[in-house]
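Just so you know, the sequences run in chain order A and B.
Under the working numbering, the first residue of the first sequence is numbered 6, with each subsequent residue one higher.
Under the working numbering, the first residue of the second sequence is numbered 969, with each subsequent residue one higher.
Wrong hints could be hidden among the right ones.
To be verified - Calculated pairs, SDA-like style, for lysine to any residue (alpha carbon to alpha carbon, straight line, at most 20 Å):
id, chain 1, residue 1, chain 2, residue 2
1, B, 982, A, 150
2, B, 1026, A, 190
3, B, 982, A, 147
4, A, 125, B, 993
Since the hints were derived computationally from the structure, they do not count as laboratory data.
Note that this is a predicted model, so its numbers are computed, not measured.
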Amino acid sequence: MSAKERRIILKNIDQHGYGNDIDTYLEHGGYEIWKKALQRKPEELREEVKRSGVRGRGGAGFPAGMKWSFLDFKSGKPVYLVCNADESEPGTFKDRQIIYKDPHQLIEGMLISAYAITAKLAFIYIRGEFPDGARILERAIEEARSKNFLGKDILGTGFSCEIHVHRGAGAYICGEETGLIESLEGKRPYPRIKPPYFPAALGLYMCPTIVNNVETLCNVKHIAEMGGEEYAKIGRPGNTGTRIWCVSGHVRKPGYYEFEGGALTLGELIYDICGGLHPGRKLKAVIPGGSSMKILRADERFKGTDREGNNFDFALEDLILDFDGIAVSGSLSGSGGIIVMDDTTDMVDALANVSAFYAHESCGQCTPCREGSLWLKKILHRMSHGQARLEDVDLLKSVADQIPGRTICALGEAAAWPVQSYVAKFRDEFIAKAENQAAGRTNGDGGISDRVQLV
Amino acid sequence: MEDVMNLKKETLQKIDEVIPRYPEKRSAVLPLLHLVQEDQGFVSRDATEWIAEKLGLKPINVWELVRFYPMLRDKPVGKKVVRVCRTLSCALQGSYKTCKTLRDAFDCKLDGNSPDGAVTVEFAECLASCHTAPVVMVDDDLHEHVDEEKAKKIAGEILNGQPKQGGSA
Ligand SMILES: Cc1cc2nc3c(=O)[nH]c(=O)nc-3n(C[C@H](O)[C@H](O)[C@H](O)COP(=O)(O)O)c2cc1C
Ligand code: SF4
Ligand code: FES
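Extracted from the complex, chain B is given alone in its bound form (with noise of 0.2 Å):
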């Protein structure tokens, strides 16, 4: 199955060396989900099939995962995730301003990608930051004080460094 799954060798390396951490395998279930998501940009009933079978579970204990944890994608999504915080502290500084000019900057639906698939634009829960308000996080890099102005600059540069084509998966 390690075929199918097509995984690049330092993530087959990381998943060996993770589960050992554990007293009991399972709670390896989360890790491997993210080295999983993070190699393949998502989990797929493949992938939840073949994390059950390396941890001896049964696909649902890991599927279920998947369908509760908000950051475990069932579907491809952008190359690029920008996840603009909703919360109190940045909704008072403008977040949903700053959500939108992403939104229209990239021609993406709410929770949706871009028409390429490239981009997807979504909201996210307080990202504890609220003193920087209001932030966004662009894949894994975190961006403060993100008013309209900024988040044209930062939807400029995604998409000046980016070439238009589908998404990832």
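Next up, chain A with everything else stripped away, as it sits in the complex (with noise of 0.2 Å):
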């Protein structure tokens, strides 16, 4: 553990002896959280959650405690809770670590929000490529509901509340909350219109439902603990709560780390924790929330003023790592993967590799991301494979703009906003790319380097 992280959502993960099972769990305080949660009223529960102003961490960083109170209770249907399990956002993998090395802690969090929203019936919505993941959490639901934490009357309080693991089957579209709630139902994971298909009111079974991902649904586990208004002291306001980064890509050390909000620097994360870049490489650009977020240039300035009115000039490595450090370069910290790419990697390539993704998730609803998404790739493909030609730059852009704001999903500007962001920030390179084709100066390989191959 570095010296600036402060675990405590990774706390027990990978400590030497800590394993997965819930007798590990319950020597380590676990579920005693949970006890003294079913002492409380639901209602103050919710409201410490709202106090605690912990923002979702599955992506949109909306605010948990306000999605929880839109939830219609007056409609007397039963309420659902589903945790959202599916990452599969390209450069994501902090959920995993939750649920193969500390499941209990995610049950346990469950808990408590079920218990806070009175739902008596969740699903964990994992998706289908963590196959020992599914069985862990099954064990792990085994083994609360034979001590009586979950099941019928947990405790003898009179609270019933049931948990079940729900696989996907590959599709990163259910990772989409409303189409996740479709294939849920049993159906094709179609994402719904909103409005009116906003889950708190119309989720599952058309009943109030709240989707939350996996470190969110643990968070309120530790706002249950410390109470919100101590959670909100840790971080910065607007940033509360301790987040978990995912570097990957090409640094000495990728991995998942957890700070404060806005405790350091993504340039602090990236040399100093991650160990900087291999030897004789210079960086080139960072993703920094998942693929489908805007690229940011090494060597951009973000400039704008601050909400208190101050003027800022950041560099890259100045941003403050937390949703509004980030979202000053124009850019989003979305699921928190960070990507990180050196001098040695070709940008029509690294873009090409990334809008094929999407092509390849888009659910076909909605035509601009259907198609669009498909012509990006097909034109990055032959880009990429010998056959760049000078008016692809502004047909990708013009693609590309055509997008977004015109689907029923947020897929649509996850295909588009890598193409705008890539062909904005690298222009040049992608014309030099037509430019040397053109003159035979690359032999059609698609310009893919020895050590670098990415289509």
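Make one complex out of these two single chains by using the hints.
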């Protein structure tokens, strides 16, 4: 653990001798907070979460307490809780650590959350590629049941709650919360139109439903323990609590690291925590929040005025690591997946790789996303396979510009943002590719360097 | 129809356990598809109809899922399914080379089976282990930092551990 890390969610994870069984968890004070929470009123717990200011860790960063306050209790319908464990945004691997190494922390967080929103039935929607993760969670649920932390009349309080594990089957769109709900209902995971289908009003089986990310639900446990006000003292206002950052790509020590909101800069993360780049390499670009987010160029400057009216002028390394700190760059911290690229990276190939992902994952409901993502992929494939044309740069931009705001879900943005930002920020490289290929200076290998093969 | 399907006793038992978990039966369709595929290696047309009947659905309600979800298969595949992560963080660390090494080792085409049908090598999208790139899943097991050398080793183990014969189903 590095000096500046503050591990709350990851506290026990990777510690010597810490297993994922219930005995280990109980030895570390497990389910004590659940027992105490059961003595309180659900609305008090909801209030604590609101006061904590905790923002969702799944991607959009929406305040969890506010989301919970939208629940339609008046409908009289059953309320459901769904844990989003679909973790599929390229560059993101934090939920996996919790599920595999500390499943009871998630179960306890879910039980407290379910009680707070008066849900008697909860599901964990886990991506299909985590077969062991699903087994680990199922075992954890059985262990918790055997101690009556879960099931009927929990610890004699009269509250009953079931949690079931539901496996996905390899479709990224199941991470989008309304697509997830459709999938859980046994249908194709076509996202629903909002409004009217906000899950808090019309969710699973058209009942009020809360969908929260794994890390968000773990945070609820710690909010219940320390109280919303204490929790809100961690991190910066609007960026409370800790956050797990996933760093991958061209750094010496890729991995997952947990910090208080605003505790360090992007530069400190890359150079101090992750050991910097490999010898002889220079930083070229960073994706700050999963591959759908806009890319940042190493030599960019980010200027503007903050909420207090102060002017700022940041280099990439100066960006402060939290929701608001990254947002000043015009990009977003999304799912916390930071992908670092050094100067060996061919940006056309990198973008071709990213665009292939979103074309593959478009559910196909909306024409701009279905057709647009596919055309972007095709153009980029051609460019990276020796047939780049000068006009491609503008063609890419014009296709990408037609997508955002014209689709049912945010996958449309996810397909467009990378293209818009790579093309704007690395325009010279896209043009040089076309010129070199026209002049026969590349041999149609897609410009793939010997070391880095991307498409 | 239970006989036609020839499902294992444990599979049938799990199917009966899973259905009542959901307030609406239809929700059990994905878990049932997983269970049938684990049992038989793929989801046949017969299986689709069987699941539909079990849950009071039309066969198309089941078939449209088989055709949508990448992990569900409508054809038999190799006894071993090797999936190489294709996405950015893994690609930056050379997963395309890893994939080629594995394909060469089993003599299979991309997204295809080995000639004897025993092994399938295909690309997968981000497997959520980007910090240990490149990663490969062999059936349910995740292998990390799979460079060309490690890929050869994995291929060797699969080839040695498995008699040469046709695929499942
Ligand atoms: C295309 C797409 C994919 C998404 N994938 C995930 C995912 O894998 N995991 C996740 O927690 N949220 C994902 N989200 C965000 C969810 O829609 C939703 O905002 C989140 O689960 C809410 O939880 P939170 O408020 O705790 O962050 C995705 C969103 C979109 C548009
Ligand atoms: S934006 Fe794309 S993924 Fe989202 S609903 Fe439309 S077609 Fe499907
Ligand atoms: S990119 Fe390969 S595991 Fe995420």
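How the hints compare with the structure:
1. Annotation: proposed proximity of residue 982/B to residue 150/A holds, straight-line Cα distance about 19 Å (limit 20 Å).
2. Between residue 1026/B and residue 190/A the CA atoms are separated by roughly 15 Å; this keeps the pair inside 20 Å, and the hint holds.
3. For the given pair, residue 982/B sits about 15 Å from residue 147/A by alpha-carbon distance, which is consistent with the 20 Å threshold.
4. Among the hinted pairs, residue 125/A with residue 993/B is consistent with the structure: their alpha-carbon atoms are about 18 Å apart, no more than 20 Å.
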